[in-house]
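A.B. asks: Read top to bottom, the protein sequences are chains A and B.
According to my numbering, the first sequence is numbered sequentially starting from 1.
According to my numbering, the second sequence is numbered sequentially starting from 1.
Keep in mind that the hints were calculated from the coordinates and are not lab data.
Computed from a predicted model, the values in this text were never measured in an experiment.
C-beta atoms are modelled at their ideal positions from N, C-alpha and C, and glycine is treated no differently.
Treat the hints loosely; a few may be bogus.
Beyond 10 Å from chain A on every Cβ pair, some chain B residues (computed) [stated by the list, open to error]: (1) Ala123; (2) Glu124; (3) Ile152; (4) Val199.
Stretch by stretch, here's where chain B covers chain A in the computed footprint (C-beta under 8 Å, at least three residues) [said to hold, decoys possible]: (5) 33 to 42; (6) 52 to 66; (7) 141 to 155.
In the PhoX-like style, the derived pairs of lysine-lysine whose C-alpha atoms are separated by at most 25 Å in a straight line are [as the list claims (entries may be wrong)]: (8) Lys172/A with Lys5/B; (9) Lys172/A with Lys39/B; (10) Lys70/B with Lys53/A; (11) Lys108/A with Lys47/B; (12) Lys160/A with Lys5/B; (13) Lys47/B with Lys57/A; (14) Lys23/B with Lys57/A; (15) Lys133/A with Lys47/B; (16) Lys160/A with Lys39/B; (17) Lys65/A with Lys47/B; (18) Lys57/A with Lys33/B; (19) Lys65/A with Lys33/B; (20) Lys65/A with Lys5/B.
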Amino acid sequence: MQQDALILELQNGNERAFERIYHLYSESTYGIIYSIIRDETIAEEVLQDVFLKIWDKAPSYSSDKGRFFTWVLNIARNAAIDKIRSKDFKNDLQNLKTDNFVDILEAKTNFSEAVDSIGLKKYIDALKPVCKKLIDYLFFKGYTQKETSEELDMPLGTVKTRNRACIDNLRKMVIK
Amino acid sequence: MDIQKYISSGILELYVYGALSEKESREVSRVLKEYPEVKAEVEEIEKALLTLSSAAAPNNAEHLIASIKKKLTKSPTATEPTETPVRKINWTTYSGWAASLLLLIGLFVFFNRTNDLREELSAERARNAQMEEQIANAREDAENAEELLAVIRDKDVQRVPLKGQNVAPEAYASVYWNTQENTAYIDAKDLPEPPRGKVYQVWSLTMQPLTPTSIGLLDDFEADDNKVFSLKNPNQSEAFGITLEPEGGSEAPTMEQLYVLGTVAAL
Numbered sequence: 001m002q003q004d005a006l007i008l009e010l011q012n013g014n015e016r017a018f019e020r021i022y023h024l025y026s027e028s029t030y031g032i033i034y035s036i037i038r039d040e041t042i043a044e045e046v047l048q049d050v051f052l053k054i055w056d057k058a059p060s061y062s063s064d065k066g067r068f069f070t071w072v073l074n075i076a077r078n079a080a081i082d083k084i085r086s087k088d089f090k091n092d093l094q095n096l097k098t099d100n101f102v103d104i105l106e107a108k109t110n111f112s113e114a115v116d117s118i119g120l121k122k123y124i125d126a127l128k129p130v131c132k133k134l135i136d137y138l139f140f141k142g143y144t145q146k147e148t149s150e151e152l153d154m155p156l157g158t159v160k161t162r163n164r165a166c167i168d169n170l171r172k173m174v175i176k
Numbered sequence: 001m002d003i004q005k006y007i008s009s010g011i012l013e014l015y016v017y018g019a020l021s022e023k024e025s026r027e028v029s030r031v032l033k034e035y036p037e038v039k040a041e042v043e044e045i046e047k048a049l050l051t052l053s054s055a056a057a058p059n060n061a062e063h064l065i066a067s068i069k070k071k072l073t074k075s076p077t078a079t080e081p082t083e084t085p086v087r088k089i090n091w092t093t094y095s096g097w098a099a100s101l102l103l104l105i106g107l108f109v110f111f112n113r114t115n116d117l118r119e120e121l122s123a124e125r126a127r128n129a130q131m132e133e134q135i136a137n138a139r140e141d142a143e144n145a146e147e148l149l150a151v152i153r154d155k156d157v158q159r160v161p162l163k164g165q166n167v168a169p170e171a172y173a174s175v176y177w178n179t180q181e182n183t184a185y186i187d188a189k190d191l192p193e194p195p196r197g198k199v200y201q202v203w204s205l206t207m208q209p210l211t212p213t214s215i216g217l218l219d220d221f222e223a224d225d226n227k228v229f230s231l232k233n234p235n236q237s238e239a240f241g242i243t244l245e246p247e248g249g250s251e252a253p254t255m256e257q258l259y260v261l262g263t264v265a266a267l
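Start from the sequences and build out the full structure, keeping to the hints where you can.
C.D. replies: Below you can see the structure in the form of structure tokens.
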């Protein structure tokens, strides 16, 4: 209910609402963008563009179509993918095929003492290899169920139920 | 519709990912609005994914908000003042001077007016921001109050009034004890502010023999807005008491500094 009110205020162009939305979603959005782009500076640029887009396009969001989180997620993934496909993006794309969010979490656990390393490690350990792939494709990269099924050579229905089990595990870790 | 089956099918996860077709998504949105349990499930999925993706962020992005806010498209900025056309008249040099002087005065007046307007506008904006802040605060207060009400209304909650004792006959407090969750909420609104270096300590008491067990301190008393504190109380309490103790609390209650006391009504 409260969330709905906040989104409504955002749609009315309230800057305070925008700030709260930013506070709620920026870190997650940054994580998504970074997992696709793998360059902090460029990811920050894209993050800024994404939130400007959220501000401009907010009036077009409708809860009939889906969750606000999903709407933001789509904008972020599309912007990040557009960026790596653009000409001025010279990063080594070969890495992207094999890398996924798990490496980022692992890198963070290895090199950073500041973040809650134990917490991150728990996610990685809790997820089976197939879960890591499913979540990477479906969530971080925005594949459809069908694309994921083809990529993993797994029946459509299995993608759905397997993924459910994976998210269940993740939820047990995240929400106590 | 078998809601449990619907939830466990895995469609909601795909919905949050945005992996469904537009038609399927609309269908789920409709179901979600109809069944609160579906909505709750979606919210939990969302929370888990939000946490996971946040963990993949290389650092905190809070600092970017300032530069983003500067770029937010607002209604187009105030239009540039148009220049007043100066007619070319080949009069004497005097009239040329007079015209420039007039123009200068005109510009000066115009400039002043714009400045005044600009100040008024920014004052108005500041007022608006202040109002918004007040509204946001009020809403937050209301939410807190609602949360408190929910605690008090819980059917497993027992209210224990604590009456003022010799040192402070005017003092008063209440304990809302949730025996299921082993939590005691202390409403200490009517306790005087503790003197510097002192702190209130809450005790659970059992009679025969009288045994006090500390259940916690009312830390940061002055700073706490609603003066409601939640403490763990797994004891079979028969009474509650609050004493004033040196900072950090004491092993055993200082009975001379017993502020309030009340017994639990037998159920």
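A.B. asks: Does each hint fit the structure? Answer for all of them.
C.D. replies: Outcome of the hint check:
1. Ala123: Its Cβ never comes within 10 Å of chain A, the nearest being 17 Å, so this holds.
2. Glu124: Glu124/B is indeed farther than 10 Å from all Cβ atoms of chain A, at 15 Å.
3. Ile152: holds (21 Å)
4. Val199: Given that every Cβ of chain A is farther than 10 Å from that of Val199/B, nearest at about 30 Å, it holds.
5. 33 to 42: holds (count 3)
6. 52 to 66: holds (count 7)
7. 141 to 155: Since 5 is at least three, the answer is holds.
8. Lys172/A with Lys5/B: holds (20 Å)
9. Lys172/A with Lys39/B: The given pair, whose Cα atoms are some 18 Å apart, holds under the 25 Å limit.
10. Lys70/B with Lys53/A: holds (14 Å)
11. Lys108/A with Lys47/B: OK: Lys108/A and Lys47/B at ~21 Å, within 25 Å.
12. Lys160/A with Lys5/B: Answer holds: Lys160/A to Lys5/B is near 13 Å, not above 25 Å.
13. Lys47/B with Lys57/A: Satisfied, since the Cα-Cα distance of roughly 23 Å is no more than 25 Å.
14. Lys23/B with Lys57/A: holds (21 Å)
15. Lys133/A with Lys47/B: holds (20 Å)
16. Lys160/A with Lys39/B: holds (19 Å)
17. Lys65/A with Lys47/B: holds (19 Å)
18. Lys57/A with Lys33/B: Holds: Lys57/A and Lys33/B sit about 23 Å apart, inside 25 Å.
19. Lys65/A with Lys33/B: holds (12 Å)
20. Lys65/A with Lys5/B: holds (22 Å)
Taken one by one, the earlier hints all hold for this structure without exception.
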